[in-house]
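Trainee: The residues making up each chain are set out below.
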Amino acid sequence: MMKLRPFHAVVFVVLLGRVGIAAEQPAPQSIILASTTSVENSGLLGHILPTFTKETGITVHVLAQGTGQALQTAARDDADLVLVHDPEAEQKFIAAGNGIDRRQIAWNDFIVVGPRSDPAHIAGTHDAVAALKAIAGTQAPLVSRGDKSGTDALEHRLWHVTGIDPAKAGGGSWYRDIGGGMGAALNTAQAMNAYAISDRGTWLSFGNKGDLTVLVEGDPRLLNRYDVILLNPEKHPVPKQALAKRFAQWLLSPEGQAAIGAYKVDGEQLFHPSATAPK
Amino acid sequence: LALVADVWAALGTAEFAHIVGLSLAVSFSATAIAAVVGLPCGAALAICRFPGRQLLILLANAFLGLPPVVLGLALYLMLSRSGPLGALALLFTPAAMVIAQALLAMPIVTALTHRAIEEPWQEYSGALRVDGAPRLRSIGMLLAIARRSVVTAVLAGFGRTISEVGAVLIVGGNIAGYTRIMTTAIVLKTSEGDLGLALGLGFILIGISIAVSASAFLLWER
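Chains Z and F, in that order, are what the protein sequence lines are.
Converting from the first sequence to the numbering used here requires adding 6 to each position, the first position being numbered 1.
Converting from the second sequence to the numbering used here requires adding 15 to each position, the first position being numbered 1.
Since the hints were made in silico from the structure, they are not lab data.
Owing to the predicted nature of the structure, the values given are computational and were not obtained by experimental measurement.
Any given hint could be a false lead.
What the hints assert, rightly or not - Here chain Z is said to cover these stretches of chain F; the calculated rule only asks that three of the stretch's residues, wherever they fall, bring their Cβ under 8 Å from a Cβ of chain Z:
{"hint": "1", "stretch": "73-79"}
{"hint": "2", "stretch": "87-97"}
{"hint": "3", "stretch": "101-112"}
{"hint": "4", "stretch": "182-190"}
We treat Cβ as the ideally placed atom computed from N, Cα and C, and that holds for glycine.
All chains should be built: construct the whole structure from the sequences, respecting the hints.
Mentor: Structural data, given as structure tokens:
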């Protein structure tokens with residue numbers, strides 16, 4: 007019997023694992039939402055999804071990716087709908103026949119954060135383009151997402167307006183393209199006293215601000231719109247489309263909008279519902 | 016002290032229990048699969064002679080350093096709904112994570128078992144042949160003789176699975192309450208700037224990993 011013990015143990019482990027996995031099978035009614043990190047990491051989805059699930063029995067599995075990656079995931083059929091924030095990339099996604107029915111569900115804004123010492127003297131200003139020019143002019147370090155996310159796309163649009171190519175200006179060593187998420191960029195900026203552009207939601211819920219503070223806000227160019235997009239049934243015959251549509255409709259409904267507006271961190275509202283009056 | 020309180024509060028939640036449970040379930044399953052495949056394969060590579068054997072030994076050893084993120088990406092493309100195995104609907108499920116980790120652990124178990132069996136085979140092959148034991152039974156006997164090294168081989172495989180993050184992040188998606196495990200939760204908490212909680216989770220992961228390996232070691236070492 008001694009010799010059989012290892013075998014028994016292996017069988018036991020396999021069974022144990024099997025039980026664990028069996029319990030993890032997706033609920034009969036579940037959809038995959040490919041989304042941007044800002045709505046997931048800020049806690050918004052964790053706050054509103056239980057209400058939707060309780061009401062409809064539909065579980066929403068959230069993939070928190072950058073906007074670029076989320077659209078790619080959906081284009082490969084690996085998600086059932088998307089919730090993202092990069093108008094240009096969204097238009098391309100729809101023009102390529104991948105998506106239909108783009109609707110804005112909420113907005114907030116982007117901000118320029120940086121160290122309190124503020125070497126580029128941009129604190130309190132309201133012109134994001136002038137601020138970027140000042141940062142490039144002083145060669146103060148700036149952390150860029152560099153990950154094709156919605157925030158990264160916005161930063162590149164702003165640089166385009168300045169006419170400066172930050173990767174080349176002044177040798178570019180002040181411009182740190184980290185190829186990471188918003189949280190990683192803020193962690194990096196905090197560690198090297200650098201500037202960064204952030205969405206308001208991630209910033210407010212971010213726990214490692216250190217010496218970083220909000221320096222520039224209130225530029226109309228810093229508007230941040232969140233859109234929900236359904237997949238084109240002609241190109242993506244996904245069986246879960248009815249469920250995905252139900253979720254999108256709930257986000258746009260008075261109830262879903264109220265849930266979005268009610269989400270607060272430290273008393274501050276992170277997302278402003280805008281289904282009825284898109285910005 | 017606030018950190019300890021934070022971590023302690025996080026420990027009590029159902030979400031955390033699910034994360035730990037899933038981490039263990041996925042790693043145990045993957046290690047079991049890797050062992051069921053790797054142990055006999057490693058032993059067979061040590062005692063059987065067949066064409067291509069040297070190549071397989073080379074491959075098992077070469078894949079010891081298989082980068083998880085590359086394996087994860089390859090598996091993602093296979094399991095994607097628009098990929099060749101898309102119909103199985105395994106992407107972004109715990110099952111996909113088990114497959115990824117099993118594939119990562121398999122070369123480790125195979126290569127180390129091969130090494131562990133080589134020596135006793137040289138020592139006992141004469142006796143086993145005289146005894147007339149068929150090769151299949153010889154495999155079982157040799158694994159029993161070399162069981163200390165074999166346990167190490169399996170624990171090395173387990174170590175790979177429990178600590179891995181690159182592959183499971185890609186094929187699992189780190190979905191809250193569904194495919195989120197210890198390592199991906201640590202990545203997430205770090206990105207949320209919640210460094211204290213991330214570090215706390217890290218210590219707990221190390222503790223769990225040590226506890227499992229030490230128990231297995233003590234149990235099988237007797």
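Trainee: Against each hint, give a clear statement of whether it holds in the structure.
Mentor: Hints, verified against the model:
Requiring three or more residues with a Cβ within less than 8 Å of a Cβ of chain Z, the coverage given for the stretch 73-79 of chain F is violated, as only 0 such residues are present. A count of 3 residues in the stretch 87-97 of chain F with a Cβ less than 8 Å from any Cβ of chain Z is obtained; the coverage claim is therefore met, three being the minimum. With 6 residues bearing a CB less than 8 Å from a CB of chain Z, the stretch 101-112 of chain F meets the requirement of three and the coverage assertion stands. For the stretch 182-190 of chain F, the stated coverage by chain Z holds: 3 residues have a C-beta nearer than 8 Å to a C-beta of that chain, and at least 3 were required.
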